[in-house]
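Visitor: One line per chain: the protein sequences are P and X, in this order.
Reminder that position 66 of the first sequence reads as 65 in numbering that gives the first Met the number 0, one-by-one numbering, no gaps.
Reminder that position 65 of the second sequence reads as 64 in numbering that gives the first Met the number 0, one-by-one numbering, no gaps.
Calculated directly from the structure, the hints in this document are not laboratory data.
One should not assume that every hint holds.
Listed below are several chain P residues computed to face chain X (Cβ distance under 10 Å; list not exhaustive) [said to hold, decoys possible]: (1) 37; (2) 50; (3) 121; (4) 141; (5) 144; (6) 168; (7) 171; (8) 173; (9) 207; (10) 209; (11) 210; (12) 211; (13) 215; (14) 223; (15) 224.
Ideal Cβ positions, reconstructed from N, Cα and C, are used throughout, including at glycine.
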Amino acid sequence: MLELFGDNSWIVGKVLVATWETIYMVLTSTVLSYLFGLPLGIILVTTAENHIMENKGLNRVLGSIVNAARSIPFIIFLILLIPFTRLLIGTSIGTVASIVPLTIAAIPFVARMVETSLKEIERGLIEAAISMGANAQQVISKVLLPEAMPSLLLGFAITAINLVGYSAMAGIVGGGGLGTLAYYYGYQRYEDTVMLITVIVLIVLVQGVQMLGDNLAGQIVNKRR
Amino acid sequence: MIEIKNLSKIYAASGQEVLALDDVSLTVQKGEIFGIIGLSGAGKSTLIRCINMLEKPTRGSIAVDGREITSLGKQELRLARQKIGMIFQQFNLLSSRNVFDNVMFPLEIAKVPRSEAKERVQELLELVGLTDKAGMHPAQLSGGQKQRVGIARALANGPKLLLSDEATSALDPQTTRSILKLLKDINRQLNLTVLLITHDMNVIKDVCDRVAVIDNSRIVEIGDVLEVFSNPQTPTSHSFVNAVISHEVPGELLHSPMDHSGDTATKLIRVSFIGASAGKPLISSMIRRYNIDVSIIYGNIDRIKDTPFGNLTLEMIGHSELLQEALDYLRGEGLEIEVLRNA
Ligand SMILES: Nc1ncnc2c1ncn2[C@@H]1O[C@H](COP(=O)(O)OP(=O)(O)OP(=O)(O)O)[C@@H](O)[C@H]1O
Ligand SMILES: [Mg+2]
Numbered sequence: 000m001l002e003l004f005g006d007n008s009w010i011v012g013k014v015l016v017a018t019w020e021t022i023y024m025v026l027t028s029t030v031l032s033y034l035f036g037l038p039l040g041i042i043l044v045t046t047a048e049n050h051i052m053e054n055k056g057l058n059r060v061l062g063s064i065v066n067a068a069r070s071i072p073f074i075i076f077l078i079l080l081i082p083f084t085r086l087l088i089g090t091s092i093g094t095v096a097s098i099v100p101l102t103i104a105a106i107p108f109v110a111r112m113v114e115t116s117l118k119e120i121e122r123g124l125i126e127a128a129i130s131m132g133a134n135a136q137q138v139i140s141k142v143l144l145p146e147a148m149p150s151l152l153l154g155f156a157i158t159a160i161n162l163v164g165y166s167a168m169a170g171i172v173g174g175g176g177l178g179t180l181a182y183y184y185g186y187q188r189y190e191d192t193v194m195l196i197t198v199i200v201l202i203v204l205v206q207g208v209q210m211l212g213d214n215l216a217g218q219i220v221n222k223r224r
Numbered sequence: 000m001i002e003i004k005n006l007s008k009i010y011a012a013s014g015q016e017v018l019a020l021d022d023v024s025l026t027v028q029k030g031e032i033f034g035i036i037g038l039s040g041a042g043k044s045t046l047i048r049c050i051n052m053l054e055k056p057t058r059g060s061i062a063v064d065g066r067e068i069t070s071l072g073k074q075e076l077r078l079a080r081q082k083i084g085m086i087f088q089q090f091n092l093l094s095s096r097n098v099f100d101n102v103m104f105p106l107e108i109a110k111v112p113r114s115e116a117k118e119r120v121q122e123l124l125e126l127v128g129l130t131d132k133a134g135m136h137p138a139q140l141s142g143g144q145k146q147r148v149g150i151a152r153a154l155a156n157g158p159k160l161l162l163s164d165e166a167t168s169a170l171d172p173q174t175t176r177s178i179l180k181l182l183k184d185i186n187r188q189l190n191l192t193v194l195l196i197t198h199d200m201n202v203i204k205d206v207c208d209r210v211a212v213i214d215n216s217r218i219v220e221i222g223d224v225l226e227v228f229s230n231p232q233t234p235t236s237h238s239f240v241n242a243v244i245s246h247e248v249p250g251e252l253l254h255s256p257m258d259h260s261g262d263t264a265t266k267l268i269r270v271s272f273i274g275a276s277a278g279k280p281l282i283s284s285m286i287r288r289y290n291i292d293v294s295i296i297y298g299n300i301d302r303i304k305d306t307p308f309g310n311l312t313l314e315m316i317g318h319s320e321l322l323q324e325a326l327d328y329l330r331g332e333g334l335e336i337e338v339l340r341n342a
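Chain X on its own, in the form it takes in the complex (with noise of 0.2 Å):
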C-alpha cells in the first residue's frame, strides 16, 4: 500500500540544517495496521506527513497504491489526498462547525453533492457511534469523542490509508484503548490500511501488525509486532519492549543466600512463552513429573494482538539431574529458558 524507498528529510530552518530523516526505506502492505515507534523528535511525523506531501521529502520516493505521490502536480496530490485520510494527536476540529458539519467538510472539499454527502455523514457518525452528537460544536465534546469525529472526518471520502499522527497521545488509557480499537474494527471492516505513530509501545502492542522502531532520523527495526517484542534488535528497541513487559530481574535475587546441600541444587529461570504454549500447563506438569519444588518469583503475562505473551521467573528446587531433566522438558516444549542463577 505505502512503499518508501530512501527517503531523507532535511529541515533548513533560519540557515540551520536538520536532517529528519535519513534514508528511511519502508513497505506497508494492504490491509495491515503498520506501526511506527520511536522517542520524541526521531523523526515520526516528519515521516507520516512525507506520505501526503504535508512535508516536501528531500530525496527518495514514496508510493502509495503503486502511484508515486511525489512528482504529481497540484491538483492530481489534491486528487490523492482525498484518499489518505489523516487524523492529528489535537483532533483540529473546526469550532465553527458543529459535528455533522465537521464530518461534511472533506465531502465538501471533494465536491460531493450534498445530498449524497449528507447521507454519508450520517453512516460515518453511526459507525463512530456519534449519531446524538451531530448537532454539538467540538468544544463541547471530550477528547475522545473528539477524535471520533476525527476519524468519521478522515474516512468521509473513502480512503484506502489512514494516516495516524499520535491520535490517542492525548487520551487517557481507557479512552485510548476504545479508540484503538475503533481502528482495528474500521481496518477489519473497511480493509482500510492504517499507518500509525505513537512513542507508546502499548498502542502498537494492542493494534498494530507490523512495526518499524525508528531512532534518530533511521529506522534500526523492522518486523512482526509478536517477533520485536519476543526478541527486540536494538538498544532502542529493547527499552520500548521493557517499557510495557518487563525483562528485568530485581538485583536483590540475583544475590539472595539460596539453598544447596548433597545432590539438591537450585536454579533461578526465566521462562519466556509466545502463543499457544501459554495456555498449557506446563510448569505443573513439569512439578509432578520431576518431583521439584517451584516458587514464582515474578511473572507477568500480557497479549499482542490476540497472543498470549509473557514471562514467568521461576525458583526450582530439586534433584540436580532432575533439574536438569525438567528445562529440558520446558524448552522441548517451546518455552525459552534462560537460567539466571545457578547454586
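With the rest of the complex left out, here is chain P (with noise of 0.2 Å):
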C-alpha cells in the first residue's frame, strides 16, 4: 500500500488522521442531533390532530420552527453559528467546533425524517394500545418506536451521510477532517493524489454507512417477515 504512493507517503498518515476526524464529527454529530431531533420528531407526530397528545398550537409553532431551519442552508448556519460555538466550545476552529453547527443543522432535519417514519405506523395500531389503557409514553415506547424502528434506522443512515457531506464543508472553513485536507493539499496546493484520495475515502464512508443501514434495517424487517 505504503509503495503505491512512493515519497508520498506521508500522504497516507493525513489521510488517516482526517478520516478518523471526519468519521468521529460525524458520528458525534448524528448521535447528538438524535438526542434533540428524535424527541422533536415525536413532539411533532403526537401534537398533530387526532394524536396521542394533539397539541395543534404547539404542533404549528414547532413546525414552523423546523422548516425555518431547514431553509437555512448549511454555509450559513456555518457562519451564524461560530459566535455561539465559540461561546460553547472556546473556539470555532477544528474538529470538537464543528459539531456544533452540524448538530443544529441536523436536528430538524432528523425531526422531519423521524416524523416521516412515525407518521407510516397504522391508527389501528395505535388505538389497539389504547383501547389496553395506554398512557401517550406507552404508545411511543412499545407501539411508535418499536414499529417505526427499520424506517428510523434508514433515516439515521441518511443522516449520517448528510453529515459527511455537511462536515467536508465545515472543513473548508477550518472544522477539520476530510474536507479540511482536501481543501489545504488538493486545493490549495494543486496535490491532486490528496483530492483523489480524498473523494475515494468519502465515497467508501458514504457507502459504508448506507450499507450498514440498508443491512440493519434490512434484518429487522426480515424478522418480522
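Two chains, two frames, some hints: make the complex.
Guide: This is the structure we're talking about:
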C-alpha cells in the first residue's frame, strides 16, 4: 500500500488522521442531533390533529421553526453559528467546534425524518394500544418507535451520510477532517493525489454507512416477515 | 353490564357535521353475547368505540359495570380500559413483536410483574390454541390465527367485557365459524359479556343471544335473536333476516295452474316453525290423518344458537274440508301457517 504512493507516503498518515476526524465529527453530531431531533420528531407527530397528544398550537409553532431552520443553507449555518460555537467550546475552529453547527443543522432534518417514519404507523395499532389503557408514553415507547424501527434506522443512515457531506463543507472553514485535508492540499497546493484519495475515502464512508443502515433495517424487516 | 342512554355522536369533519349516532339507548346484560347489526355507515363502529371512549360521545351516558365511563378522569379511564377487551377487523397486532409478546403487551401496559405476566400469556395461548405459535411473528400467521392472538391479547387483563368490531369480517366462512365458536366458549367459560358488531346476520345467528338492528344512526329494533329472526319488525331487519333465511316464495309458484275439481282443493301454504315442534313428525301425521297429498315446494331449516328454525312451502291436495282441518291441526301444534294460494 505504502509503495503505491512512493515518496508521497506522508499522505497516508494525513488521510488516516483526517478520516478518523471525519468519522468522529459525523458520529458525534449524528448522535447528538438525534438526542434533540428524535424527541422533536416524536412531538411533531403526536401533537398533530387526532393523535395521542393533540396540541395544534404547539404543533404549528414547532413545525414552523423546523421548516425555517431547514430552509437555511448549511454554509450560512456555519457562519451564523460561529459566535455561539465560540461561546460554547471556546473556539470555532477544529473538529470539536464543527460538531456544534453540524448538530444544530441536522436537528430539524432529523425531526422531519423521524416524523415521516412515525407517521407511517397504522392508526389501528395506536388505537389498539389506547383501547388497552396505554398512556402516551407507552404508545410512543411500545408502539411507535419499535414499529417504525427499520424506517428510523434508514433515516439515521441518511442523516449520517448528509453529515459526511456537511462535515467536508465545515472542513473548508477550518473544521478539520477530510474536508480540511482536501482544501489545504488538494485545492490550495494542487496535490491531485490528496484530492483523489479524499474523494475515494468519502465514497467508501458513505457507501459503508448506507450499507450498514440497509443491513440493519433489512434484518429487522426479515425477522418480522 | 353496559347501559347506554340517549347516546348521540356528531362528527365535525372539515366543516361538515355528520350525525353518526342519534339518541341510542341500549342495555347489555352480564354474560350475554349481544350483537349489533347494520349496513355500512349505519354507525356500528361509532357505537362500539364510544363504549371504551375511543370516540367521545357528543351527548348521553354510558355505564359499564355500573360505572359511568364518559366522565372518568384520564387515569381512571385508562384503568377502566384495561378491563374492557377489544378485538378488531384488521387484528392490529404489533409487527415488532412475536405472538407471545403481543399477548404480553396489555400486561406490560398494566404493569403486571413479568413472571406473573409470562404465566398468564402461556394460559391465554393455550386457551386460544396457539401455544405452538408463540415465537412466530404476526406476518407468519393466517387471518384466523391472527384473530386468535387478538382475542388472547384482549383477554390478558381479565376483562369483564369484550368488544368486537367486525372481528370476523376479514375471514372466510369456515374460519369465521371457528372464531365465533371460540368467542362462544370464552363467553361461557369466563362468563364474559361480549358486544359484537357485524353486518353479517350469520354471525348474529350463530352466537348472539340478543341483537339490536341499527339503521341510519338509530336503533330500530332490539330483541331476542330468535324473535327477530322469526318476526322482524322493520324493513331493515327483514332484509337482514332474509339474507340468511329466505322467506320469499318464487313468483312462478304463485301463478302456475293448480288442479281442482269437485271437492278436491289445492292450497299453497308456508309453514314456519321454531324450536321443539321442528323435531316432531307433524307433516307426516297430518298426511295420514287427513288423507291429503303433500308436495314440498321449498324448504329451509337452520339453527339459531341451539334452536331449530325454518320454513317449508307445501302444496297440499285433498278434500277441501279435510284440508281446512289439517291446517287447524298444524296451527294447534304451534306452527305458524300462512296460506299463499287457494284453489
Ligand atoms: N372520524 C370520523 N369523522 C367523520 N365522520 C365519521 C368518522 N367516523 C365515522 N364517520 C361517519 O359516521 C358514520 C358512521 O360511521 P361508522 O364507522 O360508525 O359506520 P359503520 O356502521 O361502522 O360502517 P362500516 O360497516 O362500513 O364499518 C358514517 O357516515 C361515517 O362516514
Ligand atoms: Mg365499522
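Visitor: Now tell me, hint by hint, if it's right for this structure.
Guide: Right, here's what the structure says about each hint:
1. 37: This interface hint is violated because 17 Å lies over the 10 Å limit.
2. 50: 13 Å, violated
3. 121: Holds, because the Cβ-Cβ distance from residue 121 of chain P to chain X comes to roughly 8 Å (cut-off 10 Å).
4. 141: 7 Å, holds
5. 144: Holds: closest Cβ of chain X sits about 9 Å from residue 144 of chain P, inside 10 Å.
6. 168: 37 Å, violated
7. 171: With Cβ-Cβ at 42 Å, over 10 Å, it is violated.
8. 173: Cβ of residue 173 of chain P sits 44 Å from chain X, so the hint is violated.
9. 207: At 27 Å from the nearest chain X Cβ, residue 207 of chain P fails the 10 Å test, so the hint is violated.
10. 209: With a minimum Cβ separation of about 23 Å from chain X (threshold 10 Å), the hint on residue 209 of chain P is violated.
11. 210: This hint is violated: residue 210 of chain P lies away from chain X, its Cβ roughly 23 Å from the closest one there, beyond 10 Å.
12. 211: 20 Å, violated
13. 215: 14 Å, violated
14. 223: 5 Å, holds
15. 224: Cβ of residue 224 of chain P sits 5 Å from chain X, so the hint holds.
Taken one by one, the earlier hints fail for this structure at numbers 1, 2, 6, 7, 8, 9, 10, 11, 12 and 13, listed in ascending order.
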